Amino acid sequence: MFYKKILVISMMTIMMYGCVSTGGKLSTDKFKNYTSVHELIVKQAFNQDDGTAKEYVYDWGAHAGNKTPQSLHPKQDLNSYCQAKGGTLTLLHKSHLALVKDTWSKRLLETYGAVKQGIGAYQCKQSDGLQWIVSIEPTSERKLQENKDVRVVSLLVKEMTMDEAKKVYAEKNKNNSSTTVVKQPVVTTHKVIPAKVPEVKKEEKTVVPPPEPVKEAPKETIQQQQQRLYLSARRDFNRGTSQLAACNQAERAHNLGRFYNASGPSVYVESGVLVAKCLTTVSAYQKKFNQPKARAKSILQNIVSMQNHTIAKHMLQQLQ
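Here the sequence shown is numbered in the numbering used here, starting from 135 and rising by one per residue.
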């Protein structure tokens, strides 16, 4: 009877450790199903449906209990996806909270590790040779009206190219650089005798009317910017002139994301198809990537998974 009890306890212990091991594998396998980091950003709903920043809780207040801050979720999911693809997520550019316009909010967010540890531009180099960069930037923060103890931060998650990341974060660092110190004039204590100044006859000044105010042009929306970039890229690509510039514009349009309105999905899809063409036909553009064919295949698979696109399907079959 004693030996039977020992046998039962041993079997239960083995089953418990087996369950824990299986759970970790399932957690990793969840992220292997995504074909691209852009698909991860869209399906995990890191941003709002219209592509704007989304709010995450970074401080649950005095009665938080065991609740973890939501503001670290985007970086944690990007890290899990990168590991599932055989890579390691590294910080490429440190965030200076340049998109946060309110000075008090910026200083407050800088004191929270739950914010600082999850923002900036992150890079992943996958084992298959593909690499990507994703920027996580706070834009504002506020206290919830329904619960005054809880504070939320708005985070904007965006995929970038290496050149875009260098340009964006170089501008942010420049804007956050320290101001120059102005030297104060030296005040002398000895007595100064003023010299006699000859009288000058006053001249009559002509009154110049003030210039008319210049009317500012209406601000371009993200959807309008995406459509403008795509139309310009398609025109230049079809003409066969400046194809590298056309490919870069198509890439910028596609990276702006998918918008849920009348023209948004079509512009996102068509710009993605144009980028895939660039990756397979324009040699100067192919040199930007380690495996351009694999990147084109990933983009086309993402488009086909969203809608029945004949051209994308045909191109995907040719790449098989």
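Be aware that a few hints might be false.
[Unchecked claim] The list that follows gives simulated cross-link-like pairs (lysine to aspartate or glutamate, DMTMM-like), each with its CA atoms no further than 20 Å apart:
| # | residue 1 | residue 2 |
| --- | --- | --- |
| 1 | Lys277 | Asp236 |
| 2 | Lys277 | Asp163 |
| 3 | Lys259 | Glu293 |
| 4 | Lys201 | Asp283 |
| 5 | Lys259 | Asp297 |
| 6 | Lys164 | Asp236 |
| 7 | Lys431 | Glu293 |
No wet-lab data here; the hints were simulated from the structure.
Since the model is a prediction, treat every value here as computed from it, not as a measurement.
Here's how the hints hold up against the structure:
1. For a cut-off of 20 Å, the pair hint linking lysine 277 to aspartate 236 stands: about 14 Å separates their Cα positions.
2. Simply put, lysine 277 and aspartate 163 have alpha-carbon atoms about 36 Å apart, too far for the 20 Å limit, and the pair is violated.
3. Taking the CA atoms of lysine 259 and glutamate 293, the gap is about 14 Å. The hint holds against a cut of 20 Å.
4. Annotation: proposed proximity of lysine 201 to aspartate 283 holds, straight-line Cα distance about 13 Å (limit 20 Å).
5. Using a Cα cut-off of 20 Å, the hinted pair lysine 259 and aspartate 297 holds, with the two alpha carbons roughly 16 Å apart.
6. Among the hinted pairs, lysine 164 with aspartate 236 is inconsistent with the structure: their alpha-carbon atoms are about 38 Å apart, more than 20 Å.
7. Proximity of lysine 431 to glutamate 293 is assessed by CA-CA distance (about 18 Å); at most 20 Å being required, the pair is judged to hold.
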